[in-house]
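Sequences listed follow chains A and B, in order. Under this note's numbering, the residue at position 272 of the first sequence is numbered 272, and the numbers go up by one with no gaps. Under this note's numbering, the residue at position 180 of the second sequence is numbered 480, and the numbers go up by one with no gaps.
None of these hints come from the bench; they were simulated from the model. Using N, Cα and C, we set each Cβ at its ideal position, and we do this for glycine too. Each hint should be verified, as a subset may be incorrect.
If you anchor each label on the Cβ, the simulated ranges turn out as follows [as the list claims (entries may be wrong)]:
1) A:Leu158 <-> B:Glu378: 26 to 36 Å
2) A:Gly45 <-> B:Arg589: 51 to 61 Å
3) B:Arg589 <-> A:Arg125: 46 to 56 Å
4) B:Arg535 <-> A:Gly187: 54 to 64 Å
5) B:Leu401 <-> A:Pro283: 21 to 31 Å
6) A:Gly45 <-> B:Cys424: 48 to 58 Å
7) A:Leu158 <-> B:Gly446: 47 to 57 Å
8) A:Gly288 <-> B:Ala542: 22 to 32 Å
9) B:Arg589 <-> A:Phe290: 31 to 41 Å
Listed here are the chains, written in short residue letters.
There are 2 protein chains.
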Amino acid sequence: MRVFTRRLLVLRAALRALSGSPGRARVQEGRGAEPLLPGAVDRYGAVTVELKDIPLEDTSEGAFSSLLTDCVSGWKLEGRVAVWLHVPLALSRFAAAASTLGFRYHHAREDTATLVLWLADAPCRLPGYATHQVGVAGAVVDESNGKVVVVQDRNKTLNTWKFPGGLSDQGENIGCTAVREVLEETGVRSEFQSLLSVRQQHDHPGAFGMSDLYVICRLRPLSRRIRFCREECVRCEWVELAALAGPAHSNQTTPITARVARLLLHGLEHGFHTIDLSMEEIPAVHSGRFYQLYHRALTS
Amino acid sequence: MRVFTRRLLVLRAALRALSGSPGRARVQEGRGAEPLLPGAVDRYGAVTVELKDIPLEDTSEGAFSSLLTDCVSGWKLEGRVAVWLHVPLALSRFAAAASTLGFRYHHAREDTATLVLWLADAPCRLPGYATHQVGVAGAVVDESNGKVVVVQDRNKTLNTWKFPGGLSDQGENIGCTAVREVLEETGVRSEFQSLLSVRQQHDHPGAFGMSDLYVICRLRPLSRRIRFCREECVRCEWVELAALAGPAHSNQTTPITARVARLLLHGLEHGFHTIDLSMEEIPAVHSGRFYQLYHRALTS
Numbered sequence: 001m002r003v004f005t006r007r008l009l010v011l012r013a014a015l016r017a018l019s020g021s022p023g024r025a026r027v028q029e030g031r032g033a034e035p036l037l038p039g040a041v042d043r044y045g046a047v048t049v050e051l052k053d054i055p056l057e058d059t060s061e062g063a064f065s066s067l068l069t070d071c072v073s074g075w076k077l078e079g080r081v082a083v084w085l086h087v088p089l090a091l092s093r094f095a096a097a098a099s100t101l102g103f104r105y106h107h108a109r110e111d112t113a114t115l116v117l118w119l120a121d122a123p124c125r126l127p128g129y130a131t132h133q134v135g136v137a138g139a140v141v142d143e144s145n146g147k148v149v150v151v152q153d154r155n156k157t158l159n160t161w162k163f164p165g166g167l168s169d170q171g172e173n174i175g176c177t178a179v180r181e182v183l184e185e186t187g188v189r190s191e192f193q194s195l196l197s198v199r200q201q202h203d204h205p206g207a208f209g210m211s212d213l214y215v216i217c218r219l220r221p222l223s224r225r226i227r228f229c230r231e232e233c234v235r236c237e238w239v240e241l242a243a244l245a246g247p248a249h250s251n252q253t254t255p256i257t258a259r260v261a262r263l264l265l266h267g268l269e270h271g272f273h274t275i276d277l278s279m280e281e282i283p284a285v286h287s288g289r290f291y292q293l294y295h296r297a298l299t300s
Numbered sequence: 301m302r303v304f305t306r307r308l309l310v311l312r313a314a315l316r317a318l319s320g321s322p323g324r325a326r327v328q329e330g331r332g333a334e335p336l337l338p339g340a341v342d343r344y345g346a347v348t349v350e351l352k353d354i355p356l357e358d359t360s361e362g363a364f365s366s367l368l369t370d371c372v373s374g375w376k377l378e379g380r381v382a383v384w385l386h387v388p389l390a391l392s393r394f395a396a397a398a399s400t401l402g403f404r405y406h407h408a409r410e411d412t413a414t415l416v417l418w419l420a421d422a423p424c425r426l427p428g429y430a431t432h433q434v435g436v437a438g439a440v441v442d443e444s445n446g447k448v449v450v451v452q453d454r455n456k457t458l459n460t461w462k463f464p465g466g467l468s469d470q471g472e473n474i475g476c477t478a479v480r481e482v483l484e485e486t487g488v489r490s491e492f493q494s495l496l497s498v499r500q501q502h503d504h505p506g507a508f509g510m511s512d513l514y515v516i517c518r519l520r521p522l523s524r525r526i527r528f529c530r531e532e533c534v535r536c537e538w539v540e541l542a543a544l545a546g547p548a549h550s551n552q553t554t555p556i557t558a559r560v561a562r563l564l565l566h567g568l569e570h571g572f573h574t575i576d577l578s579m580e581e582i583p584a585v586h587s588g589r590f591y592q593l594y595h596r597a598l599t600s
């Protein structure tokens, strides 16, 4: 619901004088007042203001600060619980102005920063922003000889074998990341089979202090010839799972690689259904899009 | 490695005139030049500049823009691949100045925005920021009677049973979120047993357009009395797994709730080891901290 806060006629004059372009303001002629900062109210009772939709290019930080102070007072009186302020990069000076009222960054992407202020007396119930990056590795298992493709990273611990992998791009499915990263790093084409393990780690230095989820997938090879990326890797080989899993080689793999190698050996012997989380695509209730659900398959 | 870029003496005068506080600048006396924007170079060849450490309070957007333009030219000549610019909220006006050189927001939290500019001729290899929020639900299974605690959300589809849950706080382990949310929503105390399923969904409206990972955990009840949160739920009951799993009730649960109920019924009959991803805590290689690894337990 789009609402308009009309208050303090005096600010109209200030905004006009500073913007020098009253004609572009959303004036409601003949009403004796005009919308100052138009905001949309959501079902939780929070107001959202899109600064890009308001002609503020020539407005000073000081004038904006007065305007926002008045609007916030009004929203409080109206019982709004919070204010979301979307600030385009070109108007970034208004973020500092908002901060004097208590606004803080919620998140920023590309050319927009989103600030937020909790208004209600009740404890803050604002939702957080994305907290995790997702890294995915692919264990490409050749069932004909029990070998798997492993790499030694150029930038990581030397002489340590691990499964090729990397970070998911925004909007990329877990299985797609595994297949893409394996191809980029090793030259081996593969297809997604299942999800094998999930690791959660917090305060991750490689994630700007946020959390990291590291997922290992089982992949089936579609080609076997290695042409590895020399920018990312120093070595890349097909190695026997038994060698990666064995205690004698524990100093040449990461603990998680060794564990997943043992899982895969178990899968080779007893069937991969004993270790897999298989994937099912299910339509989302309202959007008509699909999501991916991973869990143990029930074969009985 | 901390390095100092010394270039264009003329800018020293400009900065001094505008800041009015030359004594606070990091002047290297007797060198004939002073560091303009000190930056740290990382192992990838990118420069990081912390504006909070530089006395720029009284510097105008225009003067900063000139200063940054010169520094960026210098970093390019030095072969730097990228520039990370940390901008405190109080100096947010400099984000707009940086944007005219091509800087864009990478992320922002609390009182700092981070902008970045890729400098190298090679394709951009900048790491992204956190892409996923993590939501966790808890299926508290009473093995003595085959019942599980389910709720009907106040803000979601009416008359639909689902497992209680909510978003992980930053730095919170998956199992802790499940136990905390179940207690908050239902009043039932429980302990973490295993991870059962993972769902990935992109462009999530409840995640500010980012991605959502929804994890369902199996929990063991430590208490059974329900005292549910009336702000979040309209109903909360112990319900038979068979009722949730059956096709006759499919319109009263979400598809994922029905699937996990069928998994849990299978676990009740054949042992939970057939459906669980169990958790293992493993020390991180360098930090001495622990991470949580979830995968199928090998019972053989």
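Going through the earlier hints one by one, which of them does the structure break, listed in rising order?
Per hint list: 2, 3, 5 and 6 violated.
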